[in-house]
Amino acid sequence: MSDNILKIRDLSVNYQTDRGKLKALRNIDLDISRGSIVGVVGESGCGKSTLITSIIRQLDANADIPNGSIEFEKQDLLKLSLDKMRNISGTQLSIVFQDPMSTLNPVLSIGRQMIDIQYRDKTSKKIKKQRSIDMLNKVGIPDPQSQLKQYPHELSGGMQQRVSIAMALQAGPSLLIADEPTTALDATLEVQILKLLKELQVEMGCSILFVSHHLGVIAELCDHVIVMYAGEIVEQGSTYEIFNNPAHPYTVKLLECDPASISKKQRLLPSIPGEIPDLTNLSGGCIFKNRCDQSIDRCDKQTPKWNEFSNNHYVSCHLIES
Amino acid sequence: MTLMFFMIHLVPGDPARIMLGPRATPEMIADISMRMGLDQPLVIQLMKFLGNILKGDLGVDVLSSRPVTEIVFGQLPYTLWLIFSAIFGAMLIGIPLGCYSALHRNTFADRVTGVISVACITAPSFVVALYSLLIFAVTLKWFPAIGAGEKGDFFDQATHLVLPAFAIGISWVGYLSRLVRASMLEVLGENHIRTARAYGLTEFTIVYRYALKIAILPTVTVIGVGMGFLISAAVLTEVVFARPGLGKLIIESITTRNYPVVMGSVFISTGLFVISTTISDLVNASLDPRIRDNL
Ligand SMILES: Nc1ncnc2c1ncn2[C@@H]1O[C@H](COP(=O)(O)OP(=O)(O)O)[C@@H](O)[C@H]1O
Ligand SMILES: [Mg+2]
Chain H
1 MSDNILKIRD LSVNYQTDRG KLKALRNIDL DISRGSIVGV VGESGCGKST LITSIIRQLD
61 ANADIPNGSI EFEKQDLLKL SLDKMRNISG TQLSIVFQDP MSTLNPVLSI GRQMIDIQYR
121 DKTSKKIKKQ RSIDMLNKVG IPDPQSQLKQ YPHELSGGMQ QRVSIAMALQ AGPSLLIADE
181 PTTALDATLE VQILKLLKEL QVEMGCSILF VSHHLGVIAE LCDHVIVMYA GEIVEQGSTY
241 EIFNNPAHPY TVKLLECDPA SISKKQRLLP SIPGEIPDLT NLSGGCIFKN RCDQSIDRCD
301 KQTPKWNEFS NNHYVSCHLI ES
Chain A
1 MTLMFFMIHL VPGDPARIML GPRATPEMIA DISMRMGLDQ PLVIQLMKFL GNILKGDLGV
61 DVLSSRPVTE IVFGQLPYTL WLIFSAIFGA MLIGIPLGCY SALHRNTFAD RVTGVISVAC
121 ITAPSFVVAL YSLLIFAVTL KWFPAIGAGE KGDFFDQATH LVLPAFAIGI SWVGYLSRLV
181 RASMLEVLGE NHIRTARAYG LTEFTIVYRY ALKIAILPTV TVIGVGMGFL ISAAVLTEVV
241 FARPGLGKLI IESITTRNYP VVMGSVFIST GLFVISTTIS DLVNASLDPR IRDNL
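Protein chains in written order, with our numbering: chain H, 1 to 322; chain A, 1 to 295.
Just so you know, the hints here were simulated from the structure itself, not pulled from any lab data. The reader is advised that the hints may include incorrect statements.
Restraint ranges, calculated between C-beta atoms of paired labels, are given here [unchecked claim]:
(1) A:Asn106 with H:Asp278: 39 to 47 Å
(2) A:Phe229 with H:Pro106: 29 to 37 Å
(3) A:Asn106 with H:Glu275: 33 to 41 Å
Short derived list, chain H residues pointing at chain A, Cβ under 10 Å [stated by the list, open to error]:
(4) Leu30
(5) Ile88
(6) Leu108
Subject to a maximum C-alpha distance of 30 Å in a straight line, what follows is the list of computed DSBU-like cross-link-like pairs (lysine-lysine) [as the list claims (entries may be wrong)]:
(7) H:Lys149 with A:Lys48
(8) H:Lys128 with H:Lys195
(9) H:Lys126 with A:Lys151
(10) A:Lys213 with H:Lys84
(11) A:Lys213 with H:Lys128
(12) A:Lys151 with H:Lys129
(13) A:Lys48 with H:Lys125
(14) H:Lys122 with A:Lys213
We put the CB at the ideal spot given by N, CA and C, even for glycine.
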């Protein structure tokens, strides 16, 4: 067994809604080995943010977790008291959120927020300030000394996201979670931020769980890819395998629809026909059956099992069964 | 201001006649009317009045011939003390109450605070004034009933402030607690609070430093604009408690048709309103850099 920093087993999350119980995640298993960058990809609404917020224990009030465990550094996060969870948050486990414009407190200066998150450390304010400056330097923010006095709205989106990354990495976490950190940024900024994350990951030696609906971004950054569909994982494997040897019909379609893989002549972006099934009213069988053009009888009746398609490349599809 | 001017003059009754009483001779009335400028057309009276204001002159009291500014500024501190202690007390209780409600949303405690707050809001200040006077001053004798206390005796003045301030402030306690609860709930749902939690900041830091600084902004505005309501509540309360102050001055001068004093008091009250909204804007700007940048 390799050394896994995060080990999620049989995790399910339900949201209580007007239309009944919405099963946002169903029996998720996921491992992140120490020092690796794992990407989670899937259309929006497939439960990526739900997965992340359940790891950091910030699910919305209408959510509940009927079963599952999230083992991080050998302890089940779901069983920790709020105080214990607070001790891990921001120190061993950090997160960068999607929308940089709203993730920082608008009425407190950057410096104030960077110093506040070091509250556990009893050193002087001067040292904390210097540490913040060093960190801002590391994420490529020019003139960090004066940036500390700025307020979030005075910075551009790209700069705000760099500040968020600096704050997330300040305590030297062993796992950094990133929920679509570049989705709100334009393409050039996106490339810069990805490059920065990769450099910092090597330098600081943390693992990264990177979430995106955009395959190109995942290919750029990650060692290992997890493909999610409608609250389930349908395929996982090394980045090379997933991109060159996709097995699940959904992954194949996702790759076809990725803007990066489409020739410029096509005027309309292709998208996968059909819609995500209603998560409040799931029928049995394969979750992808109604959008799959290769579905067979068995897909309606039986839930597919995991099959090892190639070395360390797993697929949940009846067509692949050995 | 101009509107005020016409409204006062539309009140029936000749001011000169009312001031001098039923036994006044026509000559005396004519004399007073001339001194007050009442024999001139309304438009001329208005022009004169507005012109004098620009010079900082609010006119002269027709009865005592003292300058109106002197009379009004003599009474103003009583009203200011009353308003400040009322609103300060209301903030001291209402804001934490609102935070508490927001943090314990939909619990039994939240519902109880909600009901109490609404009850406070709907209680008219003069009714509260009358009842608190009867209960705490007359029956229980905990606090003095009337007046503003001995000049120079701080403790005496403070005890005289308690009941009137309570009468004015009680509805604000309810109002502020509801307002803070609503804006606190909104702010607690914002993304940056999720970030603060993700960094493991303590709940106290998150609520009272990260969230309250934003959630308090609408409250500051409401208090600034609420100065108008505070003054009118103070008018009634001062009459009930027979306290000196702007309110009592206005009522007295209205009953004697003492126009210059009425106009002067109203003018100063309006000024207070302008000052308080300006102060609330400045406070908000000091709290929120985004507002600061738009100034
Ligand atoms: N608080 C909530 N209440 C009800 N449904 C929710 C809530 N949050 C998310 N969902 C639903 O759960 C599903 C997964 O959402 P989410 O995790 O945000 O997906 P993603 O991040 O992949 O776009 C969606 O169908 C979404 O509508
Ligand atoms: Mg999302």
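The hints, checked one at a time:
1. Between asparagine 106 (chain A) and aspartate 278 (chain H) the beta carbon distance is about 28 Å. The supplied range of 39 to 47 Å is therefore violated.
2. Judged by the Cβ atoms, the range 29 to 37 Å given for phenylalanine 229 (chain A) and proline 106 (chain H) holds: they are separated by roughly 30 Å.
3. Between asparagine 106 (chain A) and glutamate 275 (chain H) the beta carbon distance is about 34 Å. The supplied range of 33 to 41 Å therefore holds.
4. Because the closest C-beta pair between leucine 30 (chain H) and chain A is about 19 Å apart, greater than 10 Å, the hint is violated.
5. Among the interface hints, the one on isoleucine 88 (chain H) holds; its C-beta lies about 7 Å from the nearest C-beta in chain A, closer than the 10 Å criterion.
6. Taken as an interface hint, leucine 108 (chain H) checks out: its beta carbon lies about 7 Å from the nearest beta carbon of chain A, inside 10 Å.
7. With a C-alpha separation of about 53 Å, the suggested pair lysine 149 (chain H) and lysine 48 (chain A) falls outside the 30 Å cut-off, and the hint is violated.
8. Proximity of lysine 128 (chain H) to lysine 195 (chain H) is assessed by CA-CA distance (about 27 Å); at most 30 Å being required, the pair is judged to hold.
9. For the given pair, lysine 126 (chain H) sits about 51 Å from lysine 151 (chain A) by alpha-carbon distance, which is inconsistent with the 30 Å threshold.
10. A distance of roughly 27 Å separates the Cα atoms of lysine 213 (chain A) and lysine 84 (chain H); the hinted pair therefore holds under the 30 Å criterion.
11. A threshold of 30 Å between alpha carbons decides the hint, and for lysine 213 (chain A) with lysine 128 (chain H) the separation of about 23 Å falls inside it, so the pair holds.
12. A C-alpha spacing of about 52 Å is found between lysine 151 (chain A) and lysine 129 (chain H), which places the hinted pair above 30 Å, so the restraint is violated.
13. For the suggested pair lysine 48 (chain A) and lysine 125 (chain H), the alpha carbons sit about 63 Å apart, so the restraint of at most 30 Å is broken.
14. For the given pair, lysine 122 (chain H) sits about 25 Å from lysine 213 (chain A) by alpha-carbon distance, which is consistent with the 30 Å threshold.
Checked against the numbered hints listed earlier, the structure breaks hints 1, 4, 7, 9, 12, 13; every other hint is satisfied.
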